[in-house]
Amino acid sequence: MSRKDQIDSQGRRLATTVWTALDRKAGAIIELTVRQLKNKTSTWTVMGVSVLLLTLLSAFYIDSVRQGFESIDNDGDSVDFDGDGYPLGQEMKYGSSDYDDREYPGAAIFIPEDQINYWGVRTHSGNYTWDVFGPSKFIGNWENIASKYDGSGDECPEIIGEDLANTPYGYSPFACILADNSLYVQFLRFDGNGTLAVAEGWNAEYGRTTESYYVAPDPPSAYIDEDGLDWDSENPSQSQGFDDDGDCTQEDYYLPTGNQNNDENRNGIACDVQWIRGPDGSVLQINKDEMVDEDPVDSELLGESSHRSFIVATGKIAFAMIIGIFLPLFLALGLIRDESENGTLHYLLSKPIHRGEFIVYRLTGYLIFTGGFVLAMSLIMAIITVTIGPDGNRLGDINVWFGIGIVTVLSLAAYGSIFNAMGLVSPKYGVYFALVYGVYEFAMAVMTLFGADLVPIISVSHWSLQMIDAIVILAWPDTIMLAQMATAFNLDSGLAFFWNPPVHTFGTGSSALAMGLSIVVLLVFITFPILIGQSIFNRREID
Amino acid sequence: MTNPPAVTLDHVSKWYGQVIGINDVSIAIDGGVTGILGMNGAGKSTLFKLLMGRIRPSKGSVRLFGTNPWDSTAPYRRIGYVSESERMYDWMTSIDFVSTLARLHGMTRSEAEFRAEQALSFVDLGDVLNKEIGKYSKGMRQRVKIAAALVHDPDLLILDEPLHGCDPLARTSIMNVIREMGSRGKTVLLSSHILEEIERITEQIVILHAGRLVALGNLHAIRAMLDKHPHRILIHCEDARALASSFIDKQPVYGVRFLDNERLEIMTKDLSEAHSILPALILESGVPIHSIENPDDNLESLLGYLVGDSR
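From first to last, the protein sequence lines stand for chains A and B.
Position 212, counted from 1, in the first sequence is what this note's numbering calls 212; the numbers after and before it change by one each time, with no gaps.
Just remember that this note's numbering sits 1000 ahead of the position in the second sequence, which is counted from 1.
Treat the hints with caution; some may be incorrect.
What the hints assert, rightly or not - Below, simulated DSS-like cross-link-like pairs (lysine-lysine); rule was C-alpha separation at most 30 Å, straight line:
hint, chain 1, residue 1, chain 2, residue 2
1, A, 428, A, 40
2, A, 40, B, 1059
3, B, 1059, A, 38
4, B, 1135, A, 40
5, A, 38, B, 1131
6, A, 428, B, 1059
The hints are simulated quantities; they were obtained by calculation from the structure and are not laboratory data.
What you are looking at is a predicted structure, and each value in this text was computed from that prediction instead of being measured.
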């Protein structure tokens, strides 16, 4: 007879040790907990909402992938603010303003010589281009007055008299013919040979106008994706980049804008880009001069970056912050409190189970149920992104999604034990504590997203997000480069916002260390409330 | 080595703030069926909660098989408990419910299911064990709770008001189960506030009143003392006056009172003696009888006598 099958004095097989009995008790409580959660309406409501949230996010993602990446004017020079038909980029080349439709490439340029001042002499005579600000009267021959202004060439209405001081005026350009055949004019520019009188308190400039010539307007598309990324990844030299559109070097510029500081990265080389690499050759930082490589071809660069940004954003916000906080709020708070309120606790506690043990089994049951759900969801998301994502490191996707699943399970455990402890501390007000705490955790997560690394350290969400940051870089080592590129070249992928290199590395920059530290901190967040809950529950009299 | 008794209370008091639940109670119970009698608020539930380790005594010590139930869950391996709470997991079938609780004793799933089936058959629920508890009647639910308490074959069974609210069929079934347990040498404690219920199950009783232990021992002995106390017998009959004449001057009757023409009240100091002469006297008078009642034969009267309440 094997030792296992021997029977002791009380008729039990020796295989039935304390440990197997513990397993069985744990199994029974865990199974009961899972079945109870399955029987609760709120369980299916929160899980349904979670699935809906992820479905919506995936739908947006699939939709954006299907549409492809439209070319984006990353440096904003394809717009035509003043509506004169010339885009900003072209106006800059010619040195004309894009906020004044009288100025455009090839347009006649008014060069003032002198002015009738706000005070002193009110008249001036000669053959000039006049630029009038305020009520004025011109005697002589005029031409080139903008005919689109109401009343020009018509007789003035009676309210406008020859006494300029008493003339009612608005601030809009206007011209008309007075009774003596002279011209009443305000806020207009025109050419004329004669004498101009300006009302007191107003002024006018006079000078010459250059000859105009025709410049064909460029289409706005000429200023989109016009300065591509020039980077030789095989040759990690100190200086990279090329100013394809010439707006940094200002070659081919007719009137330079006067931007002489074209070495913002201070490496002594004008209009270049510096890619700083780590010892392993990975890009850690990108310092560039402004206006160099600033409008790259988006579809070549945005794909991978946006893809990662979608995964990180979904992982952080939908998984760690929303599912991670709301599932426990609805499902963990009542793990023991509800039993007590429903009057069914005594069935379980009149069995040979220690109360502290009971809390651990209950939480385990809750975690198996919610954790299974979260891992299944992250697996589904992994399948979606691997299938439709751009070509590249898609194995990394699986690792990241698995990591996000694990992080969320750790958050579920931490919040579960915290909320459960709150339910035990105060069965009546625990739900309010939990709500306040949930809001606090959410706020800390938002602070963490915005880059705070000190204030939120006493929160579960901070360490969850930190752990996701670490997992991302472990699974996709070139994410730092993509994030730097997104910032440097104005790529609107969101990666630089949703992902930052892990901060808690004690200066080593090691993501593995950051991940290990996050796990340790999260385990403390899980264990500590369990101990508090046990100590409270052990001393509680259950009426 | 002598085994410690199943239940020992040594000068146990429990108060909730100013309110006293149990006041200086000392008892030791081992073997047989014991009825805990008391009115509502007498301290029965407090006593059971102390035994089940749900509350801690303010003074004194509680021991189950020699172990303090507040500190250790070990005694519950040998205890089955049926609470007065009517709340259950309504979504579970009774076999599920009982076997889940059986697994908390460290049984394997198959062992637990086998024992649960046995226990449910023992309480006459063998043919409905796959039905959800929510669809059960009150009496059936009570029996499921008892099955759950019996599933690990406990040495001590504690039942808090097990017959409360049950239909007659369920009562009979539950009473049979309790008697059977007692006859198997187990210790059974059950509480009730109805004297007649306990009387049908056991003779060994503990009477609690206002948290104090007022009587302990054999119900018949206690009753015998009570019998020597003034008692009333109420007879419903066709002609009270005619019947009354038969009782006058017959020992142990010392007084007769008409409530109306159909109801007669007889005063006696020896209830059993009075009942023994009653049939012959009634036959002799030839007056048709509808019913005979003992309005003083209940817990209130018993308590009134025991605590000297001049009711």
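Comparing the hints with the structure gives:
1. A:428 to A:40: holds (20 Å)
2. A:40 to B:1059: Distance ~42 Å between residue 40 of chain A and residue 1059 of chain B Cα, so the pair is violated.
3. B:1059 to A:38: violated (44 Å)
4. B:1135 to A:40: Holds. Residue 1135 of chain B to residue 40 of chain A sits at ~18 Å (cutoff 30 Å).
5. A:38 to B:1131: Status holds; Cα separation ~19 Å.
6. A:428 to B:1059: holds (29 Å)
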